[in-house]
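Keeping the supplied structure of chain A fixed, place chains B and C upon it in accordance with the hints.
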Amino acid sequence: MANLLEVRSLKKYFPIKRGLFSRAVGQVKAVDGVSFEVRAGETLGLVGESGCGKTTLGRCIVRAYQPTAGEILFGGEGSDKGVTDLARLSGVELRPFRRQIQMIFQDPFGSLNPRMTLLQLIGEPLKVNGVKDGNVIKERVAALLSVVGLRSETMTRYPHAFSGGQRQRIGIARALALNPRLIVCDEPVSALDVSVQAQILNLLGDLQSEFGLTYLFIAHDLSVVEHICDRVAVMYVGKIVEMTETARLYRKPRHPYTEALLSAVPKPDPRRRAAPLVLEGEVADPADPPAGCAFHPRCPYVIERCRSESPALHPNAGGHWVACHRAAELDLQGAN
Amino acid sequence: MPKDQVANPPSEESPLEVVSPQRLMWWKFRRHKPAVFSGILLLLAYVGSVFAGFFAPYDPLSRGRNLYMPPNPPRIIDSEGKLRAPFVYGMTMSRDLNTLRPIYTVNTDEIYPLHFLVRGDEYKIGLHGVPLNALRPLHIRLDVRLFGAAGAPVNFFGTDQLGRDLYSRLIYGAQISLSIGLASVFLSLALGLILGGISGLYGGWVDSLIQRVIEAIIAIPSIPLWMGLAAAIPRDWDPVQQYFAILIVLSLISWTSTARVARGRFLAVREQDFVMAARLYGCSQWRIITRHLIPSIMSYVIVNITLAVPRIILAETALSFLGIGLNPPTISWGVLLQAAQDNLVVHFYPWMWIGPALCVIVAVLAFNFVGDGARDAADPFAS
Amino acid sequence: MTAYVIRRFLQMIVIMLIVSIVAFIVIQLPPGDFVDAYVTTISGGETFTQETIDALRAQFGLDEPFLIQYVKWISNVLRGNYGVSFQHQRTVADLLGERLPLTLAITLPTAVLVYLIAIPIGIYSALNQYSLLDYLFSFVGFIGLAIPNFLFAIILLYIGSQYFDANVAGLFSPEYELAPWSFGKFLDLLSNLWIPVIVVGTAGTAGTIRVMRGMMLDEMRQPYVETARAKGLSEARLIFKYPVRVAISPVLSTIGFVLPALISGTAIVAIVLNLPTTGPLLLNALLAQDMLLAGSMILFLSLLTVIGTFVSDLLLIWADPRIQFE
Numbered sequence: 001m002a003n004l005l006e007v008r009s010l011k012k013y014f015p016i017k018r019g020l021f022s023r024a025v026g027q028v029k030a031v032d033g034v035s036f037e038v039r040a041g042e043t044l045g046l047v048g049e050s051g052c053g054k055t056t057l058g059r060c061i062v063r064a065y066q067p068t069a070g071e072i073l074f075g076g077e078g079s080d081k082g083v084t085d086l087a088r089l090s091g092v093e094l095r096p097f098r099r100q101i102q103m104i105f106q107d108p109f110g111s112l113n114p115r116m117t118l119l120q121l122i123g124e125p126l127k128v129n130g131v132k133d134g135n136v137i138k139e140r141v142a143a144l145l146s147v148v149g150l151r152s153e154t155m156t157r158y159p160h161a162f163s164g165g166q167r168q169r170i171g172i173a174r175a176l177a178l179n180p181r182l183i184v185c186d187e188p189v190s191a192l193d194v195s196v197q198a199q200i201l202n203l204l205g206d207l208q209s210e211f212g213l214t215y216l217f218i219a220h221d222l223s224v225v226e227h228i229c230d231r232v233a234v235m236y237v238g239k240i241v242e243m244t245e246t247a248r249l250y251r252k253p254r255h256p257y258t259e260a261l262l263s264a265v266p267k268p269d270p271r272r273r274a275a276p277l278v279l280e281g282e283v284a285d286p287a288d289p290p291a292g293c294a295f296h297p298r299c300p301y302v303i304e305r306c307r308s309e310s311p312a313l314h315p316n317a318g319g320h321w322v323a324c325h326r327a328a329e330l331d332l333q334g335a336n
Numbered sequence: 001m002p003k004d005q006v007a008n009p010p011s012e013e014s015p016l017e018v019v020s021p022q023r024l025m026w027w028k029f030r031r032h033k034p035a036v037f038s039g040i041l042l043l044l045a046y047v048g049s050v051f052a053g054f055f056a057p058y059d060p061l062s063r064g065r066n067l068y069m070p071p072n073p074p075r076i077i078d079s080e081g082k083l084r085a086p087f088v089y090g091m092t093m094s095r096d097l098n099t100l101r102p103i104y105t106v107n108t109d110e111i112y113p114l115h116f117l118v119r120g121d122e123y124k125i126g127l128h129g130v131p132l133n134a135l136r137p138l139h140i141r142l143d144v145r146l147f148g149a150a151g152a153p154v155n156f157f158g159t160d161q162l163g164r165d166l167y168s169r170l171i172y173g174a175q176i177s178l179s180i181g182l183a184s185v186f187l188s189l190a191l192g193l194i195l196g197g198i199s200g201l202y203g204g205w206v207d208s209l210i211q212r213v214i215e216a217i218i219a220i221p222s223i224p225l226w227m228g229l230a231a232a233i234p235r236d237w238d239p240v241q242q243y244f245a246i247l248i249v250l251s252l253i254s255w256t257s258t259a260r261v262a263r264g265r266f267l268a269v270r271e272q273d274f275v276m277a278a279r280l281y282g283c284s285q286w287r288i289i290t291r292h293l294i295p296s297i298m299s300y301v302i303v304n305i306t307l308a309v310p311r312i313i314l315a316e317t318a319l320s321f322l323g324i325g326l327n328p329p330t331i332s333w334g335v336l337l338q339a340a341q342d343n344l345v346v347h348f349y350p351w352m353w354i355g356p357a358l359c360v361i362v363a364v365l366a367f368n369f370v371g372d373g374a375r376d377a378a379d380p381f382a383s
Numbered sequence: 001m002t003a004y005v006i007r008r009f010l011q012m013i014v015i016m017l018i019v020s021i022v023a024f025i026v027i028q029l030p031p032g033d034f035v036d037a038y039v040t041t042i043s044g045g046e047t048f049t050q051e052t053i054d055a056l057r058a059q060f061g062l063d064e065p066f067l068i069q070y071v072k073w074i075s076n077v078l079r080g081n082y083g084v085s086f087q088h089q090r091t092v093a094d095l096l097g098e099r100l101p102l103t104l105a106i107t108l109p110t111a112v113l114v115y116l117i118a119i120p121i122g123i124y125s126a127l128n129q130y131s132l133l134d135y136l137f138s139f140v141g142f143i144g145l146a147i148p149n150f151l152f153a154i155i156l157l158y159i160g161s162q163y164f165d166a167n168v169a170g171l172f173s174p175e176y177e178l179a180p181w182s183f184g185k186f187l188d189l190l191s192n193l194w195i196p197v198i199v200v201g202t203a204g205t206a207g208t209i210r211v212m213r214g215m216m217l218d219e220m221r222q223p224y225v226e227t228a229r230a231k232g233l234s235e236a237r238l239i240f241k242y243p244v245r246v247a248i249s250p251v252l253s254t255i256g257f258v259l260p261a262l263i264s265g266t267a268i269v270a271i272v273l274n275l276p277t278t279g280p281l282l283l284n285a286l287l288a289q290d291m292l293l294a295g296s297m298i299l300f301l302s303l304l305t306v307i308g309t310f311v312s313d314l315l316l317i318w319a320d321p322r323i324q325f326e
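Residue numbers (this note's numbering), protein chains in the order written: chain A, 1 to 336; chain B, 1 to 383; chain C, 1 to 326.
Looking at chain A on its own, in the form it has when it is part of the complex:
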């Protein structure tokens, strides 16, 4: 099967509790009907501003959250028909799939238990998954550490002795420990210095080819995504607004929101620098999204139809998906 993961109409609503008996008075539609697929071996970027629901989406896929509705079809090992809907599983049933889908976290500090040595941190996934022999664990941890570029002697140390970039390497080693098929990278470099970001991105790229990994790469801007992603999906207020190959998206965006994001990507050539498009206002509140297209209050190309009718996500002939009423007529500015 070409698709390792297929997400179908996935929804995750969080109730807003208020008042006398904690009644749910509303819902935050963090993820509101998202569909996409991730092909085996590729990297799919998931981009959007904070609060757009990309992290929630990632956490639904690793099943840290129970989705409200929709399907998460996973084509990994362990199912008879070749495809399993993770959204329907719970507790024990999930366990065989847990080891195939791992996560790399944004915060290199909060994601490592400060009271455990590297050996314990990276060895624990092995231990709880049936590797009992201490020496085997030690060897495996040493190997993992050298794979991510850390010296194996450091395994007796605690995370507080490492820098942010090194900690992120530790988190990557832990995610690799169980030989996963899919790794959800939740903004793995946003908390790092720019100089370190490239190193981690290169490491992720190397590991992908070495171990045949598939990535779902979550990021909040487009600058990082260009180097590592094969395809990019842009999210806005719980929905995907545009999705296509990275090169095509950068060259010829079809959604005004993508255009604005692209204009914010720093360009190395000063002659090509143009004044970035500055979006007015804030990201819409997912608890109370505007009627019609959620982007319309900020959109420079808004027409009357946008205020009342929500656009659906459609592909064009070239497989370039976009959710905009004016996609066909607009000629938007790409990165180059």
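Simulated from the structure, these hints should not be mistaken for lab results. Beta carbons: idealized from backbone N, C-alpha and C, even for Gly. Among these hints, one or two may not hold up.
[Stated by the list, open to error] Cβ pair distances, simulated, as ranges:
#, chain 1, residue 1, chain 2, residue 2, range
1, B, Glu271, C, Ala93, 50 to 56 Å
2, A, Arg271, B, Gln285, 57 to 63 Å
3, B, Thr290, C, Leu29, 32 to 38 Å
4, C, Phe183, B, Leu100, 41 to 47 Å
5, C, Gln11, A, Ser209, 58 to 64 Å
6, C, Leu108, B, Trp205, 38 to 44 Å
7, C, Val311, B, Trp26, 39 to 45 Å
8, C, Leu104, B, Pro73, 44 to 50 Å
9, A, Gly334, C, Arg237, 54 to 60 Å
[Unchecked claim] Computed far set for chain B versus chain A, every beta-carbon distance over 10 Å:
#, residue
10, Asp78
11, Ser79
12, Val118
13, Leu187
14, Arg212
15, Arg235
16, Asp238
[As the list claims (entries may be wrong)] Over the 10 Å line for every Cβ pair with chain C, so calculated as not near, a few chain B residues:
#, residue
17, Val47
18, Pro73
19, Pro74
20, Gly90
21, Asp96
22, Asp109
23, Trp286
Showing chains B and C alone in chain A's frame:
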């Protein structure tokens, strides 16, 4: 996983020094000088109370000839200003013919050199003050005491109405007063951790119920509640039963604050990424609780303990003073303070209550300092 | 906001219900009941036949099952009828009416003094950290926290008699002890009041100084203080306008329950100093298993605490708009 990995000292092949979180906390704690000093003091007090028989010159219950004798301190300089080996003077008693109160004068002609490591009354090591049958096999019968002087009034802190040595009684009192504080804090800690943990981990109606019960217990002012529970302990129970009953009474009330701290911390730690990571690689709920959550809140719990112990010591003292806590023949600082219920003792024999009062104050101060130091050191990753 | 107040109010009712059950259980805990206590200790050597004992028990309603007793008691209390003290053969309301005013005469001035003294000292200590006075206040504060109230009372008793030849016990001089209320008696009360006020207030003052000082030190390090200073605000204005307002909120949060805490804290002191307040009454009621009296008192103190906590929360919301109606 081999345990020794954690505490591996820097070895030849590894030039990197491994600093465990425990070490970091210790370094931070060490900077707080009053806390370190108080910690050493408390450690000495606990050790001293276990070996009470060795440090006390007399059995705490044996009655002497001198009743109501004021303190007779050890000296090294005699009345002529000459330096000599430690000694005590003799005491001569007379009576005030109007009030019939005994009057003691120091007799500088009688000099009793103090002998060290002398044979005295036989004693036992362990919680002698608590005649705990289960501990009996541990008791080693001994009769060597740190110091003594045969036939002399070696009563550094004076004697009580039965001529018992107050210095010895204070040392034995430390056994009960210090142990009951620690023991009931551990009991309340167990209660608080379990109930606070359930509350914080499972949430929902269980959480609400436990929270309401805690609020109700907190709403009842602690002193009346303590008095009510302590008054429920039958007067005719033997000392061991009384000791454990008071221990339970003290814990039943103080677990609520531990439970609140534990719940709050559980809620905070539960949301940390490393806990989610553990869930994602297949850790069972039990393993997450025992390996990740509990160690994470332990430092807060330790701070809570050191700050709770002095409150318990004060409560025991107050209850025993009122006569609804521990009672003679058990010896605790609170029991010794019962003497101050008598106006005559307050005014004319002040050494009978000043000693235990000082012990209580110093112990509480020391625990407060250690608690302060522990709080500062609690989270080495905070900054 | 209204929803929050209503929800808190319902929670308070639930809490008070649990409190009443706990209080009733605690009072019932000692083996035996009031009649047993009466027969063995209070009556003083009289002998009773089994019939008399049964009759006494029936008279006080003690022969009924626990649950019935509880329901009877609580429904009476809700109707404002606190019953009769077995021990004193007087109504509970009567006994409390006699003792409560004196208790409040001690605790109210104490509460006011605690804040009047502690808040300025706390601010001063924080602004003059590590100064001589700061060390002095810290030292006094530590000692104040470490000395239990009743011990402090004993020490004052001793010092009073030893060095000033004064008897600090009691609220009235002997000549006014049993006299009816008069202006002279009132002045006498005032002249004796300061001892219990000092004894009861010291620990609270010490604690409040520490909280205030710690909070102020934390706030003084905040960048907004730096900003205010940079824009040229005078130091005094700056301190009272910003950090003090933030630092005072945990202190504010104690205002509601400081009164019940002081009332219960006075209990043991009152026994030592021989004060005619509610404390000794409660202890004796508990010891004698005088259920209706002890129960009403515990319930009353708890109610004060619960209401106090509620008032504190409202004050906090008023003082600190960041607090959500959670």
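Take the C-beta atom of leucine 108 of chain C and the C-beta atom of tryptophan 205 of chain B, compute their distance, and say whether it sits inside 38 to 44 Å. 40 Å, holds
Does the beta carbon distance between glycine 334 of chain A and arginine 237 of chain C stay inside 54 to 60 Å, or does it fall outside? 55 Å, holds
May I ask you to check that proline 74 of chain B keeps its beta-carbon over 10 Å from the closest beta-carbon of chain C? 25 Å, holds
Grab the minimum beta-carbon distance between aspartate 78 of chain B and chain A and tell me whether it stays above 10 Å. Aspartate 78 of chain B is indeed farther than 10 Å from all Cβ atoms of chain A, at 60 Å.
Would you check whether the claim that leucine 187 of chain B is not at the interface survives, using Cβ distances to chain A and the 10 Å cut-off? 26 Å, holds
Report holds if the minimum CB distance from aspartate 238 of chain B to chain A is greater than 10 Å, and violated otherwise. Its Cβ never comes within 10 Å of chain A, the nearest being 45 Å, so this holds.
Minimum C-beta separation from valine 47 of chain B to chain C exceeding 10 Å: can you confirm that? With a cut-off of 10 Å, valine 47 of chain B remains clear of chain C, as the shortest Cβ separation is near 22 Å.
Note whether the CB distance of threonine 290 of chain B and leucine 29 of chain C lies within 32 to 38 Å or breaks it. 36 Å, holds
Beyond 10 Å from each Cβ of chain A, as asserted for serine 79 of chain B: 62 Å, holds
Claimed clearance of chain A by arginine 235 of chain B, with the beta carbon kept past 10 Å: 48 Å, holds
Regarding arginine 271 of chain A and glutamine 285 of chain B, is the given constraint of 57 to 63 Å on their beta-carbon distance met? 59 Å, holds
If I take the minimum Cβ distance from valine 118 of chain B to any residue of chain A, is it greater than 10 Å? 50 Å, holds
Comparing the model with each earlier hint shows no violations; every hint is respected.
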